[in-house]
Amino acid sequence: MTLTETRGFRRISHTINPVCVSSSFLGGPSSKTMIPMAGGATIQPIFPENHPQPSTGLAALANSAHWKIERIVALAMLAVIPGSFVCDSVFMNYLLAASLAIHAHWGMDSVLIDYCPRNALPLANIIRYVLTLMAFVGLCYFNYNDMGVTKALKALWSMY
Numbered sequence: 001m002t003l004t005e006t007r008g009f010r011r012i013s014h015t016i017n018p019v020c021v022s023s024s025f026l027g028g029p030s031s032k033t034m035i036p037m038a039g040g041a042t043i044q045p046i047f048p049e050n051h052p053q054p055s056t057g058l059a060a061l062a063n064s065a066h067w068k069i070e071r072i073v074a075l076a077m078l079a080v081i082p083g084s085f086v087c088d089s090v091f092m093n094y095l096l097a098a099s100l101a102i103h104a105h106w107g108m109d110s111v112l113i114d115y116c117p118r119n120a121l122p123l124a125n126i127i128r129y130v131l132t133l134m135a136f137v138g139l140c141y142f143n144y145n146d147m148g149v150t151k152a153l154k155a156l157w158s159m160y
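Under the UniProt record's numbering, the first residue of the sequence shown carries the number 1, and numbering increases by one thereafter.
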């Protein structure tokens, strides 16, 4: 008796018949999508006919639209960061400050959802909002009263 048999594991070839699994597994129910399991039982995926309609307002933004906006901002930062160094202007400095702050805010949201305990999540979210606001205000203050973010980064890079 092997270690996998003593711990209750089976090889995948004993559990799923590879002939029954096809690339159209997620396409819809058919005889090709039925997966025979050990013991004679089969698994058939369920595809609901009526999909729930997305809610309106801010609740709708929590679904896939929020994910799309995050990706758009991340892709826009690929143009904003080098663009702010090429075209060093006040507008680009503030656009860079806003995009860095919102990108860090959404990144910390993902980290908190993954690693923060549920009972500590409300306090962690308040701290995240405060830190994001402080970072954005600090970057805007630096842009307004000092040399700006891009000139500061250029000065740091020129030191080495």
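Think of the hints as simulated: they come from the structure by calculation, not from any bench. Be careful, since some hints might not be right.
[Stated by the list, open to error] Here are the simulated SDA-like cross-link-like pairs (lysine to any residue), alpha carbons at most 20 Å apart as the crow flies: (1) K68 <-> S99; (2) K151 <-> I81; (3) K151 <-> C140; (4) K154 <-> V111; (5) K151 <-> S99; (6) K68 <-> V80; (7) K154 <-> K68; (8) K68 <-> D109; (9) K151 <-> G138; (10) K154 <-> C140; (11) K151 <-> A135; (12) K154 <-> M108; (13) K151 <-> Y94; (14) K154 <-> D109; (15) K151 <-> K68; (16) K154 <-> F142; (17) K151 <-> L95; (18) K68 <-> L78; (19) K154 <-> D88; (20) K151 <-> D88; (21) K151 <-> M77; (22) K154 <-> A79; (23) K151 <-> V90; (24) K68 <-> M108; (25) K68 <-> N143; (26) K154 <-> H105; (27) K68 <-> L100; (28) K68 <-> F85; (29) K151 <-> M92; (30) K151 <-> S89; (31) K154 <-> F91; (32) K154 <-> L139; (33) K68 <-> I102; (34) K151 <-> F91; (35) K68 <-> F91; (36) K68 <-> V111; (37) K151 <-> F85; (38) K154 <-> N143; (39) K151 <-> P82; (40) K154 <-> Y141.
Pair hint outcome, K151 versus A135 [Cα-Cα no greater than 20 Å]: Cα-Cα ~18 Å, so holds.
Pair hint K154 and V111, alpha-carbon separation not exceeding 20 Å: violated, 30 Å
Holds or violated: K151 to F91, with C-alpha atoms at most 20 Å apart: holds, 13 Å
K151 paired with K68 [C-alpha distance capped at 20 Å]: Status violated; Cα separation ~31 Å.
With the threshold set at 20 Å, check whether the alpha-carbon distance from K68 to F85 stays at or below it. Judged against 20 Å, a Cα distance of about 26 Å means the pair is violated.
K151 paired with M92 [C-alpha distance capped at 20 Å]: With a Cα-Cα distance of about 11 Å, the restraint between K151 and M92 holds, given a limit of 20 Å.
Keeping to a limit of 20 Å between CA atoms, is the pair of K151 and M77 held or broken? holds, 18 Å
Pair hint K68 and M108, alpha-carbon separation not exceeding 20 Å: Judged against 20 Å, a Cα distance of about 17 Å means the pair holds.
Do the alpha carbons of K151 and I81 lie within 20 Å of each other, as the hint requires? holds, 12 Å
Does the structure keep K151 and V90 at a Cα separation of 20 Å or less? holds, 11 Å
20 Å Cα cutoff - pair K151, F85: holds, 8 Å
For K151 and S99, compute the direct alpha-carbon distance and say whether it is at most 20 Å. holds, 17 Å
Hint violations for this structure: numbers 4, 7, 12, 14, 15, 25, 26, 28, 35, all remaining hints satisfied.
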